[in-house]
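Visitor: Sequence:
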Amino acid sequence: MSMFDKLDQVVQRFEELSEKMADPTLYDRQAEFKAISSEHKNLEELVQAYKVYTTLKADIDECKNILKNEKDEDMREMAKEELAENESKLPEMEEKLTILLLPKDPLDDKNVMMEMRAGAGGDEASIFVGDLYRAYQNYFRDLGFKSELESISEGDEGIKEIIFTVSGEKVYSKLKFESGVHRVQRVPKTESQGRVHTSTITVAVMPESEDVEFELDMNDVRIDVFRASGAGGQHVNTTDSAVRVTHLPTNTVVANQDQKSQLKNKEKALKILRTRIYDKMVQEAHAKESAERKGLVGTGDRSERIRTYNYPQGRLTDHRIGLTIYNLDKIMEGAMAEITDALNAHNQAELLKGQEE
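So for the sequence shown, the numbering used here puts the first residue at 268; every next one is plus one.
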């Protein structure tokens, strides 16, 4: 099937979806409405680009017709200029259509839950969790994303573990390649000799699931309550407000004690548990895809060292695609678009290469 046959099919599907969305009773069926409107929105950019392309082709044909039949030199000169201009635009439009036709990651539109944990390096790793978390928050604000804290465990210095949700437009598409081990090289605040230390933290980006995609069977979940410990106010050690939930088939455990309310702690713990289990399914699917299509930027292996932040040199290196940027101070202020865009562009190029083979 040619590219244009595929495009005609997309246009036909887009028109079918537009007709369905015109049905006022659709809004009474929220699940169906959400699915249809989401598919319609995903196809819209491709359909609009194809309309621009077909208009461009029609203009080119019209210019050629004028040059073939018109005797007036002024008209012929105008047609020549317009023809040259329109033909120069064709390759760019064809490339854009080819890219828009690439198979979409069905998770790209999803919101995410992110987990950041201190790894090797003691307090310095915890400090870097806080530093990178603040960088992400600034990046989210630039994108218009909303971030909500789910759970946090603070150490003597910095943050041992933090879990938060990020919502907005196509969140997973922007953040899916952030999962993995992030390595920082710098002189710690506690280092009196000025020696550079290497520390690591792990980042996990997990797509949030919908009920229709994955249902957590509560018969597989054990819920325990216990007395909260550590900082938290007067309620600590006075009520059994902390909650631990265990998914028995996978032995996945989540504990939450951030809220004074046992009910709220239970809700947050179940939300995190549900996302982790769904994410495990996603990781397995991504790992299989990456193995089948070598060169794709993986999002499954959370133990992979993906990036180094070298403070003495002001350098960030993403090891998966060989990207090095000497702009670390700006990146740690939230200027991350150059990294995320480069990762997506690399993945896109590999997908294109795969289609040509």
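Just so you know, the hints here were simulated from the structure itself, not pulled from any lab data. If you're wondering where the values come from, they're calculated on a predicted model, not measured in any experiment. Take the hints with a grain of salt, since some may be wrong.
[Unchecked claim] For lysine-lysine, the following BS3-like pairs were computed, each having C-alpha atoms within a straight-line distance of at most 25 Å: (1) Lys-347 x Lys-273; (2) Lys-597 x Lys-620; (3) Lys-308 x Lys-287; (4) Lys-456 x Lys-377; (5) Lys-597 x Lys-456.
[What the hints assert, rightly or not] Pair ranges (Cβ atoms, derived): (6) Ser-304 x Leu-590: 31 to 41 Å; (7) Lys-597 x Met-342: 35 to 45 Å; (8) Glu-283 x Asp-423: 52 to 62 Å; (9) Leu-293 x Glu-415: 43 to 53 Å; (10) Leu-416 x Glu-352: 51 to 61 Å; (11) Leu-416 x Gln-580: 45 to 55 Å; (12) Lys-363 x Asp-423: 27 to 37 Å; (13) Asp-290 x Lys-363: 13 to 23 Å; (14) Glu-362 x Ser-305: 41 to 51 Å; (15) Asn-486 x Tyr-593: 48 to 58 Å.
The beta-carbon is built from N, C-alpha and C at its ideal position, and this holds for glycine as well.
Visitor: Hint by hint, say whether it matches the structure.
Guide: Outcome of the hint check:
no.	hint	result
1	Lys-347 x Lys-273	violated, 32 Å
2	Lys-597 x Lys-620	violated, 33 Å
3	Lys-308 x Lys-287	holds, 13 Å
4	Lys-456 x Lys-377	violated, 38 Å
5	Lys-597 x Lys-456	holds, 20 Å
6	Ser-304 x Leu-590: 31 to 41 Å	holds, 36 Å
7	Lys-597 x Met-342: 35 to 45 Å	violated, 54 Å
8	Glu-283 x Asp-423: 52 to 62 Å	holds, 60 Å
9	Leu-293 x Glu-415: 43 to 53 Å	violated, 30 Å
10	Leu-416 x Glu-352: 51 to 61 Å	holds, 53 Å
11	Leu-416 x Gln-580: 45 to 55 Å	violated, 33 Å
12	Lys-363 x Asp-423: 27 to 37 Å	violated, 52 Å
13	Asp-290 x Lys-363: 13 to 23 Å	violated, 32 Å
14	Glu-362 x Ser-305: 41 to 51 Å	violated, 26 Å
15	Asn-486 x Tyr-593: 48 to 58 Å	holds, 54 Å
The structure shown violates the earlier hints numbered 1, 2, 4, 7, 9, 11, 12, 13 and 14.
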